[in-house]
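K.L.:
From first to last, the protein sequence lines are chains A and B. Under my numbering, read the first sequence as residues 1 to 113, first letter to last. Under my numbering, read the second sequence as residues 1 to 112, first letter to last.
Derived from the structure by calculation, the hints contain no laboratory data. Where a beta carbon is used, it is the ideal one built from N, C-alpha and C, also for glycine. Honestly, I wouldn't trust all of these hints.
Here are the simulated lysine to any residue pairs, SDA-like style, with alpha carbons at most 20 Å apart [said to hold, decoys possible]:
#  : chain 1 : residue 1 : chain 2 : residue 2
1  : A       : K9        : A       : N99
2  : B       : K51       : A       : N99
3  : B       : K104      : A       : T20
4  : B       : K51       : A       : P101
5  : B       : K104      : B       : F73
6  : A       : K83       : A       : T20
7  : B       : K99       : A       : S111
8  : A       : K71       : A       : R109
9  : B       : K107      : A       : D106
10 : B       : K99       : A       : G97
11 : B       : K99       : A       : K9
12 : B       : K104      : A       : P101
13 : A       : K57       : B       : N5
14 : B       : K51       : A       : G97
15 : B       : K107      : A       : I60
16 : B       : K104      : B       : A78
17 : B       : K107      : B       : S26
18 : B       : K107      : B       : Q9
19 : B       : K99       : A       : K83
20 : A       : K83       : A       : F12
21 : B       : K104      : A       : R109
22 : B       : K104      : A       : D59
23 : B       : K104      : A       : Q41
24 : A       : K9        : B       : T24
25 : A       : K71       : B       : K99
26 : B       : K107      : A       : A87
27 : B       : K104      : A       : Q56
28 : A       : K70       : A       : F12
29 : B       : K99       : A       : L113
Which chain B residues face chain A? A few, computed with CB under 10 Å, are given here [unchecked claim]:
#  : residue
30 : Y50
31 : A52
32 : E54
33 : R60
34 : V110
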Amino acid sequence: DGGITQSPKYLFRKEGQNVTLSCEQNLNHDAMYWYRQDPGQGLRLIYYSQIVNDFQKGDIAEGYSVSREKKESFPLTVTSAQKNPTAFFLCASSIGGPNQPQHFGDGTRLSIL
Amino acid sequence: GQQLNQSPQSMFIQEGEDVSMNCTSSSIFNTWLWYKQDPGEGPVLLIALYKAGELTSNGRLTAQFGITRKDSFLNISASIPSDVGIYFCAGQLQGGSEKLVFGKGTKLTVNP
Numbered sequence: 001d002g003g004i005t006q007s008p009k010y011l012f013r014k015e016g017q018n019v020t021l022s023c024e025q026n027l028n029h030d031a032m033y034w035y036r037q038d039p040g041q042g043l044r045l046i047y048y049s050q051i052v053n054d055f056q057k058g059d060i061a062e063g064y065s066v067s068r069e070k071k072e073s074f075p076l077t078v079t080s081a082q083k084n085p086t087a088f089f090l091c092a093s094s095i096g097g098p099n100q101p102q103h104f105g106d107g108t109r110l111s112i113l
Numbered sequence: 001g002q003q004l005n006q007s008p009q010s011m012f013i014q015e016g017e018d019v020s021m022n023c024t025s026s027s028i029f030n031t032w033l034w035y036k037q038d039p040g041e042g043p044v045l046l047i048a049l050y051k052a053g054e055l056t057s058n059g060r061l062t063a064q065f066g067i068t069r070k071d072s073f074l075n076i077s078a079s080i081p082s083d084v085g086i087y088f089c090a091g092q093l094q095g096g097s098e099k100l101v102f103g104k105g106t107k108l109t110v111n112p
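Construct all of the structure, not just a fragment, from the sequences and the given hints.
P.N.:
Here it is as structure tokens:
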């Protein structure tokens with residue numbers, strides 16, 4: 001089945017530790033996105049990539065890094081500079097271009113030990 | 001960043017009742033999307049709207065793209081317990097990139 005797969009579902013990190021969240025899609029979508037969701041908040045864009053080997057900062061990029069070496073994969077690294085504790089991270093993809101809806105994975109919940 | 005005002009923030013209804021929620025903005029949008037999110041899961045696309053005035057249905061769900069292009073509403077008719085969840089509106093700004101602006105969500109509770 002085509003879709004977006006995020007892993008792991010739950011992730012724990014110690015303070016000062018970098019962790020990487022995986023996002024893979026087999027929809028042949030050009031564009032991929034990372035969002036952070038906090039309770040009672042809408043989704044906030046961290047980074048997005050419209051094409052392989054290119055990505056742009058979103059609204060809350062500080063403390064995060066990404067890469068887009070393959071069309072199917074858009075991993076997100078949460079660095080030790082990111083101080084906020086538990087959050088829910090969502091990856092999405094779209095065909096690309098305007099007026100194309102984004103489709104989401106099932107998310108990764110990151111907690112601080 | 002841009003803001004979408006989504007209301008109400010939460011709703012508590014009885015099974016069988018109809019539900020209405022909306023999103024408004026001071027900015028003009030080219031696309032309106034409505035998503036539903038279950039706890040611990042990712043949002044699922046319900047309805048996509050692309051033209052001002054467009055009215056689209058998906059089963060018991062109906063959504064409209066406002067004539068001014070600054071608002072959209074979602075109606076759910078004859079609610080059932082599995083309608084429980086958080087509903088998000090999202091829009092793509094006129095002249096903007098393909099980035100989405102999200103509302104803060106409407107949490108729906110349906111009492112059997």
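K.L.:
Looking at the structure, which of the earlier hints fail to hold?
P.N.:
Those not satisfied are hints 1, 3, 7, 8, 11, 13, 15, 16, 17, 19, 24, 27, 28, 29, 31, 32, 33, 34.
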